[in-house]
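*Asks:* Between the sequences and the hints, there should be enough to build the whole structure, so can you do that?
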Amino acid sequence: MSTMIHFIDVHKSFGNRQVLTGIDVEIREREVVVIIGPSGSGKSTMLRCVNRLVEIDRGDVIIDGMSLRDPKTDIIKIREEVGMVFQQFNLFPHKTVLENVIMAPIYVRKMKRSEAAEMAEALLKKVGIWDQALKYPAQLSGGQQQRVAITRALAMRPKVMLFDEATSALDPEMIGEVLDVMKQLAKESMTMMVVTHEMGFAREVADRVLFIDGGVIVEEGRPADIFSNPREQRTREFLSKVL
Amino acid sequence: MVEMLVQNLPFLLGGAKNTFIVSVLGMVIALILGVPIGLMRLSKTPWVRSSALFYIEVWRGIPFIISLLFLYFALPEILKLFWKVEIGQFMAMLLTCVLWTSANAAEIVRGSVQAISFGQTEAGMALGMTYFQRMRLIILPQAVRIMLPPMIGLFTLLLKGTAIGFIIEFRELIRVGQITIERLIMVRRETASIEIYTIIMILYFLMCYPLTRLSAYFEKKLAKGKN
Chain A
363 MSTMIHFIDV
373 HKSFGNRQVL
383 TGIDVEIRER
393 EVVVIIGPSG
403 SGKSTMLRCV
413 NRLVEIDRGD
423 VIIDGMSLRD
433 PKTDIIKIRE
443 EVGMVFQQFN
453 LFPHKTVLEN
463 VIMAPIYVRK
473 MKRSEAAEMA
483 EALLKKVGIW
493 DQALKYPAQL
503 SGGQQQRVAI
513 TRALAMRPKV
523 MLFDEATSAL
533 DPEMIGEVLD
543 VMKQLAKESM
553 TMMVVTHEMG
563 FAREVADRVL
573 FIDGGVIVEE
583 GRPADIFSNP
593 REQRTREFLS
603 KVL
Chain B
144 MVEMLVQNLP
154 FLLGGAKNTF
164 IVSVLGMVIA
174 LILGVPIGLM
184 RLSKTPWVRS
194 SALFYIEVWR
204 GIPFIISLLF
214 LYFALPEILK
224 LFWKVEIGQF
234 MAMLLTCVLW
244 TSANAAEIVR
254 GSVQAISFGQ
264 TEAGMALGMT
274 YFQRMRLIIL
284 PQAVRIMLPP
294 MIGLFTLLLK
304 GTAIGFIIEF
314 RELIRVGQIT
324 IERLIMVRRE
334 TASIEIYTII
344 MILYFLMCYP
354 LTRLSAYFEK
364 KLAKGKN
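Protein chains in written order, with the numbering used here: chain A, 363 to 605; chain B, 144 to 370.
In short, the hints are calculated from the structure, not lab data. Quick reminder that beta carbons are idealized off the backbone N, C-alpha and C, glycines included. Don't take each hint at face value.
With a Cα cut of at most 25 Å, we get these calculated BS3-like pairs of lysine-lysine [claimed, not checked]: (1) K457/A to K487/A; (2) K457/A to K472/A; (3) K439/A to K474/A; (4) K457/A to K434/A; (5) K434/A to K187/B; (6) K521/A to K497/A; (7) K549/A to K488/A; (8) K488/A to K434/A; (9) K364/B to K439/A; (10) K364/B to K160/B; (11) K474/A to K434/A; (12) K472/A to K545/A; (13) K474/A to K457/A; (14) K487/A to K474/A; (15) K603/A to K549/A; (16) K367/B to K457/A; (17) K497/A to K363/B; (18) K364/B to K497/A; (19) K497/A to K474/A; (20) K457/A to K363/B; (21) K367/B to K497/A; (22) K364/B to K457/A; (23) K497/A to K487/A; (24) K457/A to K497/A.
Among the chain B residues that face chain A by a calculated CB cut under 10 Å, a handful are [claimed, not checked]: (25) S260; (26) G262; (27) Q263; (28) E265; (29) A266; (30) G267; (31) L270; (32) G271; (33) M272; (34) Q276; (35) I281; (36) Q285; (37) L291; (38) R332.
*Replies:* Written out as structure tokens, the structure is:
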């Protein structure tokens, strides 16, 4: 399978705090990669580099053949192909669920409103929120809001989906419904990069797990190997705390 | 007495009309200028940000009366050197209103936009929206709700501030009131300060009170929306 995202020696610091100190990894098409690691290890930053919500200092990221650092690259083109789901949902509170979903397809993809609405209907039905389509985000539960946020990203028909701790802000009883949507997406062969603390999800769904600490990838491998036989001392320590 | 008031009321209302027109026109133009200036104030580009800051600080820092006197008396002298142009009372008054109000409106815009969570901007960026799409579709529609009460407050300040126009003989409410009093003294040997100034106070109150209520209404609505 071809490479979808290629991190090449990615460095990033905020002020004098080094957050990423040389990330090298290839994410293949249709692969589900789960990134785990202690807080502050650079997981979210790594994800945010992909669609340039964070600008990298050194190195490069190639997304579907487009280089982040190439001045000729139009960042909008990359963002069209990369969907992102946030911890805090970040739905647009002044727009209904339906409008949240169809806004970017209409204004960015230049889709016809009727076409976008049809697509939104299909997507919202799939995640079980079509009956809430005319409500505002504040009228929905956290789990429902996050499912809308996933739908909003999917409506752009992205090639890659990034999940930045998508379940961390949810009440425990709502985590399952969001993880189910993500699992379904993985089954449909979406290329996914997932930052999460849900080790169960990583074990079950990931094709590959990356363990990040101190701004570098300390260890990577199949979930079975990482969780049962971690090679590195730091991985073992981290897993003993979270499992 | 009553007859005197009835006779002079249309004249006083004319002054109120001038006060109102210059305020409304000034506010509208100030909003058109204030939104981009407020957004420039938040720009990542240093020279854009600092030129907006300069504009805001200058016109907020200078007393209303000084800019009015300058625009009416000094500016024509300067312009005269280059081409023939006249700045009448209305124009000077309007310009002063626009400069002061746009600077203050820009600050309100800046504060309201900053009050919107950065997550909204990030969500828009992640969806591939340009700066202008994000502003138009996501940020400003939310910021407007926050802006409304302070903008209405600014408008009432402006409305009352135009009273200073009497100093350049702009025929707003106060100046018209003074003229009325003087005329009554000369023509009918009557002193009507109490009556006329009372009417002026009532007229100002009638213009400002609905606005204050409107502002309170939006503020209540905003507080409700938060929960």
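*Asks:* Any of the earlier hints contradicted here, and which numbers?
*Replies:* 4, 6, 8, 9, 10, 11, 12, 15, 37 and 38
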